[in-house]
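Visitor: Listed below, chain by chain, are the residues.
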Amino acid sequence: GATAFAAAMLPFGAYAALSDDAIAEFTGGAEVGSEGITLTAPEIAENGNTVPIEVEAPGAVSIMVLAAGNPNPDVGTFNFGPLAARQYASTRIRLAGTQDVIAVAKMQDGSFVQASTEVKVTIGGCGG
Amino acid sequence: MAEGVKPRVRVPKEASVGEAILIKTLISHQMESGQRKDDAGNTIPRSIINRFTVDFEGENVIDVTLEPAISTNPYFEFEATVPTSGTFVFTWYDDDGDVYTDEQSITVS
Amino acid sequence: GTWSRAAAQQAMTQDDLLSFETTGNVTLIHITDIHAQLVPVWFREPEINLGVGAAEGQPPHLTGKEFLQRYGIETGSAAQYALSYPDFTALARSYGRMGGADRIATIVKSIRAERPDALLLDGGDTWQGSLTALRTDGRDMVEVFNALGTDAMTSHWEFTLGIDRVTEIVENELNFPFLGANIFDAEWNEPAYEPYVIFERGGARIAVIGQAFPYMPIANPGYMFPDLSFGVRDERMAEVVREARDEGADAVVLLSHNGFDVDRKMAARVPGIDVILTGHTHDALPEPLLVGKTHLIASGSHGKFVSRLDLDVRDGEVKAVRHKLIPVFSDVIAADPEMTALVEAQRGPFKGELSEVIGRTESLLYRRGNFNGTWDDLICDALLQEREADIALSPGFRWGASVLPGQDITREDIFNATAMTYPEAYRTEMTGEQLHIIMEDVADNLFHPDPYYQQGGDMVRVGGMGYRIDIGRPAGSRISEMTMLSTGEAVEPSRTYVVAGWASVNPEVEGPPIWDVVESYVAREGTVSISPNQNVQVVTG
Ligand SMILES: [Mn+2]
Ligand SMILES: [Mn+2]
Numbered sequence: 204g205a206t207a208f209a210a211a212m213l214p215f216g217a218y219a220a221l222s223d224d225a226i227a228e229f230t231g232g233a234e235v236g237s238e239g240i241t242l243t244a245p246e247i248a249e250n251g252n253t254v255p256i257e258v259e260a261p262g263a264v265s266i267m268v269l270a271a272g273n274p275n276p277d278v279g280t281f282n283f284g285p286l287a288a289r290q291y292a293s294t295r296i297r298l299a300g301t302q303d304v305i306a307v308a309k310m311q312d313g314s315f316v317q318a319s320t321e322v323k324v325t326i327g328g329c330g331g
Numbered sequence: 567m568a569e570g571v572k573p574r575v576r577v578p579k580e581a582s583v584g585e586a587i588l589i590k591t592l593i594s595h596q597m598e599s600g601q602r603k604d605d606a607g608n609t610i611p612r613s614i615i616n617r618f619t620v621d622f623e624g625e626n627v628i629d630v631t632l633e634p635a636i637s638t639n640p641y642f643e644f645e646a647t648v649p650t651s652g653t654f655v656f657t658w659y660d661d662d663g664d665v666y667t668d669e670q671s672i673t674v675s
Numbered sequence: 065g066t067w068s069r070a071a072a073q074q075a076m077t078q079d080d081l082l083s084f085e086t087t088g089n090v091t092l093i094h095i096t097d098i099h100a101q102l103v104p105v106w107f108r109e110p111e112i113n114l115g116v117g118a119a120e121g122q123p124p125h126l127t128g129k130e131f132l133q134r135y136g137i138e139t140g141s142a143a144q145y146a147l148s149y150p151d152f153t154a155l156a157r158s159y160g161r162m163g164g165a166d167r168i169a170t171i172v173k174s175i176r177a178e179r180p181d182a183l184l185l186d187g188g189d190t191w192q193g194s195l196t197a198l199r200t201d202g203r204d205m206v207e208v209f210n211a212l213g214t215d216a217m218t219s220h221w222e223f224t225l226g227i228d229r230v231t232e233i234v235e236n237e238l239n240f241p242f243l244g245a246n247i248f249d250a251e252w253n254e255p256a257y258e259p260y261v262i263f264e265r266g267g268a269r270i271a272v273i274g275q276a277f278p279y280m281p282i283a284n285p286g287y288m289f290p291d292l293s294f295g296v297r298d299e300r301m302a303e304v305v306r307e308a309r310d311e312g313a314d315a316v317v318l319l320s321h322n323g324f325d326v327d328r329k330m331a332a333r334v335p336g337i338d339v340i341l342t343g344h345t346h347d348a349l350p351e352p353l354l355v356g357k358t359h360l361i362a363s364g365s366h367g368k369f370v371s372r373l374d375l376d377v378r379d380g381e382v383k384a385v386r387h388k389l390i391p392v393f394s395d396v397i398a399a400d401p402e403m404t405a406l407v408e409a410q411r412g413p414f415k416g417e418l419s420e421v422i423g424r425t426e427s428l429l430y431r432r433g434n435f436n437g438t439w440d441d442l443i444c445d446a447l448l449q450e451r452e453a454d455i456a457l458s459p460g461f462r463w464g465a466s467v468l469p470g471q472d473i474t475r476e477d478i479f480n481a482t483a484m485t486y487p488e489a490y491r492t493e494m495t496g497e498q499l500h501i502i503m504e505d506v507a508d509n510l511f512h513p514d515p516y517y518q519q520g521g522d523m524v525r526v527g528g529m530g531y532r533i534d535i536g537r538p539a540g541s542r543i544s545e546m547t548m549l550s551t552g553e554a555v556e557p558s559r560t561y562v563v564a565g566w567a568s569v570n571p572e573v574e575g576p577p578i579w580d581v582v583e584s585y586v587a588r589e590g591t592v593s594i595s596p597n598q599n600v601q602v603v604t605g
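Protein chains in written order, with our numbering: chain A, 204 to 331; chain C, 567 to 675; chain V, 65 to 605.
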């Protein structure tokens with residue numbers, strides 16, 4: 204690629220502390236497990252400005268999504284009502300560079316679980 | 567006031583009792599993050615959809631808080647189970663105070 | 065010389081190349097990544113093909129002696145010539161060009177003489193890579209693959225013809241399904257193409273699932289097919305396999321353009337796939353590679369090989385598999401006259417243009433390999449000279465036929481290394497830092513330890529600059545010692561350099577087409593000579 208460099212390489216982990224803070228605020232500092240939550244995102248973003256993600260946590264009251272490498276890591280929170288068939292949602296998000304996307308679910312019993320996955324944002328080009 | 571905002575939803579017309587109904591929604595909106603600068607170097611003020619809710623006959627399906635990291639033209643996909651025929655009400659809340667709604671009826675048998 | 069060539073040909077017959085003990089009740093024929101090569105070509109396999117993570121030291125990441133040893137291939141044999149790089153030029157002179165649609169037609173007809181309902185499956189990268197495919201928007205290849213009796217295909221470079229042309233071909237011109245389980249419309253996230261077809265063969269139901277190149281909008285210009293989304297999509301593949309099994313499929317075949325390492329990982333993660341016909345990474349393996357119960361087949365590129373795979377499918381299971389990677393030696397396998405006529409008809413209007421001699425080469429021109437090949441060194445030299453640049457960048461494409469030392473360079477040869485729909489040779493300024501970011505980004509697309517984060521190309525080729533690459537290091541820290549070759553000075557992060565390149569994936573890039581740049585350079589030089597590239601220092605392990 205000739206011109207699109209800006210998005211590709213931010214100092215990795217520069218904003219990680221901010222997402223730690225956001226998780227602590229969401230969980231009130233409670234311990235966070237890792238079972239019973241699925242976060243699906245493309246390995247490589249086709250376009251960093253619109254990256255599809257999917258979260259599911261059976262029995263969750265709400266799921267918060269964070270982009271750990273964005274200057275502001277907040278992405279959004281899904282609160283599930285009584286008519287939700289599954290505690291599942293899909294949306295599209297902006298990623299400022301290669302980073303971990305994190306989902307934290309609050310379960311009915313007040314416990315928390317978390318999943319994360321790396322999404323690569325690349326300049327592109329080349330191929331077989 | 568945000569211009570050209572247009573909500574679209576995809577809901578099946580019919581479902582059976584207890585069936586999980588897949589719902590997809592899109593709303594055209596620039597989702598200005600508040601972090602971009604214009605050509606003169608001035609920060610473009612934030613203007614986003616900050617909340618999205620879906621209710622069915624007064625009961626909630628999903629209630630979403632949106633931050634500026636949600637993409638332009640916010641898209642949501644989720645599933646509902648409804649007990650009877652009735653109407654889904656979709657509501658998007660804009661930073662500028664505007665509220666956009668759409669409705670979609672479904673026959674449950 | 066002529067003596068050794070005659071000897072080599074006498075030692076090989078068409079019957080030997082095609083001999084096969086017909087097995088079971090189903091036959092698959094696989095061709096992939098022909099890159100629009102309708103007539104026989106030279107194609108040198110890679111000298112450097114490094115595997116990382118779980119793929120380190122595993123096929124297809126074996127080259128030269130290691131490869132020959134692993135598969136018990138004799139020194140100087142036809143198999144060495146077809147499958148590896150050592151002694152390529154001498155062996156090429158003995159064994160002749162490989163491929164050609166008319167030879168492939170002979171092979172397909174011969175297999176179908178024994179098994180009339182054999183399935184012919186094309187792995188994609190079919191409609192791009194030659195002057196004729198470019199001029200006809202893929203029409204020549206569509207005609208030829210229709211005539212071959214193809215049963216299904218999947219895709220990658222096809223989409224660089226632009227979505228309107230792809231739609232026109234798929235809806236009006238193609239006689240068989242264009243499959244892509246992983247292609248979705250980007251707006252509503254709905255499947256955009258047929259995911260699979262079920263064929264009834266030999267009393268069994270065979271599901272053929274298509275998987276298009278997952279990184280399409282990243283590796284190639286996304287603006288050419290703006291409403292489509294691709295991706296690896298493991299869960300989707302698992303769902304489609306289940307759906308096919310529920311429909312009664314006794315065997316599931318994945319016609320894939322994932323690239324070999326991605327397929328190896330997918331085979332381990334998605335249950336229920338019996339065979340993966342791999343593509344994209346252009347590997348040719350003489351035998352299947354087994355991952356659990358899944359057989360991975362690698363059928364090479366540029367028409368050099370046709371894979372035949374016989375299956376014994378009974379009671380919802382594949383009981384036995386027999387495989388042969390058939391090398392398409394064009395001097396040994398007879399041309400099918402009907403196909404020769406069809407190919408001539410496609411090439412006829414462009415004959416004069418194709419055969420025009422532009423210059424001559426004293427060196428073997430080849431591209432394939434993780435780092436600079438001589439073809440790209442020539443292209444980089446042309447970019448530096450013709451576009452008056454400090455540094456040249458040429459993409460790490462795996463397609464592009466070879467030219468032997470002492471041969472003329474024709475216009476066809478130049479197009480075989482450059483023909484595509486976004487050829488603009490741009491000229492721009494970049495800082496040393498920006499250059500470093502690009503090099504790191506491409507390196508990570510090649511050497512990320514997890515294949516789902518790779519893109520299956522080779523490293524960007526560089527002219528005017530040398531560098532060191534440590535492939536085992538993490539993203540952002542593999543590339544060092546970037547040095548200007550003209551002065552021996554280090555590339556400075558803050559300094560601005562004039563960079564020329566081609567095949568940018570961004571819209572509205574300006575410049576002359578790369579083939580014109582190369583042609584005027586070769587014409588001026590008359591005879592080109594490219595010495596082996598010593599400017600990339602590769603650190604492994
Ligand atoms: Mn290819
Ligand atoms: Mn490919």
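A couple of the hints might just be wrong.
[What the hints assert, rightly or not] Here are a few chain V residues that sit away from chain A, every Cβ distance over 10 Å (derived from the structure): (1) A154; (2) D228; (3) E351; (4) D514.
[What the hints assert, rightly or not] Among chain C residues calculated to face chain A with C-beta under 7 Å, some are: (5) E633; (6) Y641; (7) D662.
The hints are simulated quantities; they were obtained by calculation from the structure and are not laboratory data. C-beta: ideal position from N, C-alpha, C; glycine also.
Visitor: So, for every hint listed, does it hold in this structure?
Guide: The hints, checked one at a time:
no.	hint	verdict
1	A154	holds, 28 Å
2	D228	holds, 20 Å
3	E351	holds, 22 Å
4	D514	violated, 7 Å
5	E633	holds, 4 Å
6	Y641	holds, 5 Å
7	D662	violated, 19 Å
Violated hints for the displayed structure, listed by number in ascending order: 4 and 7.
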